[in-house]
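Engineer: Sequence lines, in order, name chains H and E. Counting from 1, one number per residue, gives the positions in the first sequence under this note's numbering. Counting from 1001, one number per residue, gives the positions in the second sequence under this note's numbering.
None of these hints come from the bench; they were simulated from the model. Remember, it's a predicted structure, so these values are computed and weren't measured experimentally. Treat the hints with care, since some could be wrong.
As the list claims (entries may be wrong) - In silico contact screen, one side only, chain E against chain H (beta carbon under 7 angstroms); selected entries:
1. 1036
2. 1131
3. 1135
4. 1235
5. 1249
6. 1253
7. 1276
Claimed, not checked - A short list of chain E residues far from chain H (calculated; beta carbon distances all over 10 angstroms):
8. 1065
9. 1132
10. 1154
11. 1160
12. 1217
13. 1291
As the list claims (entries may be wrong) - One side of the interface only, derived from the structure: several residues of chain E facing chain H at Cβ under 10 angstroms:
14. 1043
15. 1085
16. 1272
Where a beta carbon is used, it is the ideal one built from N, C-alpha and C, also for glycine.
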Amino acid sequence: MKPGKVVQALSILMGLMFIAPIVLIFTTSLSKGTLITFPPDWLSFRWYREILSTDKWTDAFLNSAIVATLAALLSLVVGTLLAIAVSRGRSFIPNSLIIALAVGPLIVPLIVSGVGFYIVAVRIGLTGTVLGLGLAHSSLGIPFVFLNVLAALSKLDPAIEEAARICGAGNLTTFLKVTLPLVLHSAFVGSVLAFILSWDEVVVGQFFNSPTFRTLPVVIYAEVRSGADPSTSAIAVAATVVSILIFAITAVFGVLLRRRRLRSTLV
Amino acid sequence: MGRDTIRVTKSRQRERIDGGDANDGAARRFNFFGALGVPAVAFMVVVVVIPIGMILVQSMTNPGPVNYATASESGIFRRSVWATLKMSFIVTVLCIVIGYPYAYVLARSTPRLRSILLIALMFSFWTSLMVRTYAWQLILNDTGAVNTFLIDVGLIDEPVHMIRTSFAVYLGMTHVLLPFAILPLYAQLKTIKPEVEQAAQSLGARQSKVFFSITLPLTLPGAIGAGVLVFVLALGFYITPQVLGGARNSYIGTVIVQRIQILLDTGVGSAMAAITLAIVLTILIVTSRLVDIRTMLGIKQGNR
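Same shape as in the complex, but just chain E:
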């Protein structure tokens, strides 16, 4: 009993000294939970730092930094970078433009419609990327759902060639990435108090005016966050472009995998991967000046 009391007093004293804030300055001591974190951090070093580090090592030493020159002089790689940036940009714009109304209805409609739309959105997460990509293949094939329907109806005689085109990639990617645009937009729209819009309306603004001068500007941070998320995700996509895209325009992922698994050129492949990572990090750093990345990732949730 006596020992327990002493321990309580001690721990409460420590609490007071540290003020609950565990991390300031060099005068930190170890505690039990800090010690528990050490093996977990070591695990992260093994599964995150070492793999990424090995990419950098390989790109610099196998055979040497010349890998970067080879990678950046490779016409296929350069074209793939541009094709990927262009595709990611188009997909991002489509996702925001199409996702916005959906998020708006989610945030502002009756509870019944909202739960229907939320469940539909969840279906998108429940159906895996692979399965959704497969579905698009079934829809866009020369013998697929759309062509068969159009021929049966008599609108066309020959199948319209849609699969293995950029159009198919844009369509499939937009569909796959839409939920990632909708959720941040929805979260942002929910933070706007209805009174703000009502105030504008009561002052005589028409609906469109309220939307364009009140709602839209207030959701801009969410839209940028959603856009960055979609853009970065799109940059790293491999499966969907591979299945729906044509052989003529390859994207980054395809070129990297070809280098490493087919040409067995790990050095140059690693350099390409490192360049891709650098592009993504640059985009994130630039945009983190516009929006708080922590808000995007939801780390700030607890403080809201």
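For reference, chain H alone in the conformation it holds in the complex:
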């Protein structure tokens, strides 16, 4: 049943509302003056030069990039291992427990897990460190890698693995040469999500911040609280562009992979 014209128009309007924030922020980042005004006094890129030459911003940018990379790598490895254990493994740990542990972080509100990470990190001196925040953030990304890989593993035709075994491959060989390559893309997509989650995360980052270690969203948050200026807008745009680029590269990579796979099945 086709939606009516009015409903369609409303949904387009709402779609615009989803794009509006970053467009609005972009327009304010091009101000010539030091204040955010409406309409903005255009047009200058001075604030982009400013953020590139300010240590506060470049340090935060770097911190965020390192923490997010660490979180993404940890999520990739741990999430994939958990999914493999659930779908292919046998051990003394029941599957229901593994699933509960793997998706648990999705259910716990960030403010609660933030308190937990903070208590533990203070005890062992990991607040204000890349390692501490990277570990904490990895737990937020793991559910996504886990769910992605688990879905891919359960969608896999068992005949493919069976065929490899019939051809003489052992369990391990089958897994490493057949199963893993087929689910690696899903794992990778999950870990890209984990990267972005960490890249955007403020609450836990806020608990871990120290005068010498702050991530990008935490610095943006501090600026927004104390009074934003056009440089805040510029850095917000930069952070968003990084997210969009990473998603875009992942999407293109996925399309290329699918095409290659299609071609190899046709040949």
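Assemble the complex: chain H is given as a structure, and chain E must be docked to it using the hints.
Structural biologist: Just chain E, lined up with the frame of chain H:
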């Protein structure tokens, strides 16, 4: 060669004995992949179980279980719990009501409109929570986009005070959480076969009748799932209420952070965090009787 054959036979035998289902009963043995999972499970214990466990330990021992009494007698905390529940409820209703038409158009329109709307929706995910909250601040400020526009047009002389009010929080939170309502609704709407609606139409039902007696009831599980997701997410929000909300009505997150980072009272702060977690878990357990949480989280995807 000979050894390989034996290994294949063995592994296939094992496959047959277990019937592919790795987990039933106590007679399980270890295999390679199970062993690989052990360090991963240990990692999860370190990053998930220990932090949550430490909250419980702190709340019970620093100085003692009296923390829970202090937390629940604290007027600020009690008010914040009610304010948060009320805010989450309003935001959930708004998200479902506003998100439904969007999801409907996504599921039922031409491919071109659908891809435009999907890309717009993706923008919401690409723009971080912090950035979107910042945008709302720019829009609602006394010197922000809306007030400047209204004054320039001449509709008002003085700026309308919108920032630091509950209104700003509801608006910002709804905008931020809408995608989380739209996606489950969209997924549910796609599962309804068009023939079902066509059948009703061919029997003479009008469009509105088809919608209210066929489509809407069929999407109810998705709507409940989306609602629970939004509600639970809203309960744990800290940044958006903090930036857009006023100092007078604090939400749970603000009160907990104040306790721990400003009053340095980890014990009571932990008790508050534990109470928050208990509220969330209760809601999830109650609603899991209505909808399958696994469907919500997408774990069931493979079986569909």
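Engineer: Minimum Cβ distance from residue 1235 (chain E) to chain H below 7 angstroms?
Structural biologist: 6 angstroms, holds
Engineer: Would you check whether residue 1135 (chain E) satisfies its interface hint, that is, whether its CB is within less than 7 angstroms of any CB in chain H?
Structural biologist: For residue 1135 (chain E), the interface hint holds, since the closest Cβ of chain H sits about 3 angstroms away, which is under 7 angstroms.
Engineer: Return the status of the interface hint for residue 1085 (chain E): holds when the least beta-carbon distance to chain H is below 10 angstroms, violated otherwise.
Structural biologist: 13 angstroms, violated
Engineer: Hold the hint about residue 1043 (chain E) up to the distance rule: shortest CB distance to chain H must be less than 10 angstroms.
Structural biologist: Hint holds; residue 1043 (chain E) Cβ to chain H Cβ min 5 angstroms, cut 10 angstroms.
Engineer: So residue 1291 (chain E) supposedly isn't at the interface. Is its beta-carbon more than 10 angstroms from every beta-carbon in chain H?
Structural biologist: 14 angstroms, holds
Engineer: Does the CB of residue 1249 (chain E) sit less than 7 angstroms away from some CB of chain H?
Structural biologist: Status violated, d = 17 angstroms.
Engineer: Residue 1065 (chain E): least C-beta distance to chain H exceeds 10 angstroms?
Structural biologist: 17 angstroms, holds
Engineer: The hint names residue 1036 (chain E) as touching chain H; please verify it with the least Cβ-Cβ distance against 7 angstroms.
Structural biologist: Because about 5 angstroms separates residue 1036 (chain E) from the closest Cβ in chain H, which is inside the 7 angstroms limit, the hint holds.
Engineer: Quick check on residue 1131 (chain E) please, does its C-beta sit within 7 angstroms of some C-beta on chain H?
Structural biologist: 5 angstroms, holds
Engineer: Less than 7 angstroms between beta-carbons is the criterion; does residue 1253 (chain E) satisfy it with respect to chain H?
Structural biologist: Since chain H brings a Cβ to about 4 angstroms from residue 1253 (chain E), closer than 7 angstroms, the hint holds.
Engineer: Taking the closest pair, is the beta carbon of residue 1154 (chain E) still more than 10 angstroms from chain H?
Structural biologist: 15 angstroms, holds
Engineer: Take the shortest C-beta to C-beta distance between residue 1276 (chain E) and chain H; is it under 7 angstroms?
Structural biologist: This interface hint holds because 6 angstroms falls under the 7 angstroms limit.
When each numbered hint is compared with the structure, violations occur for hints 5, 9, 15.
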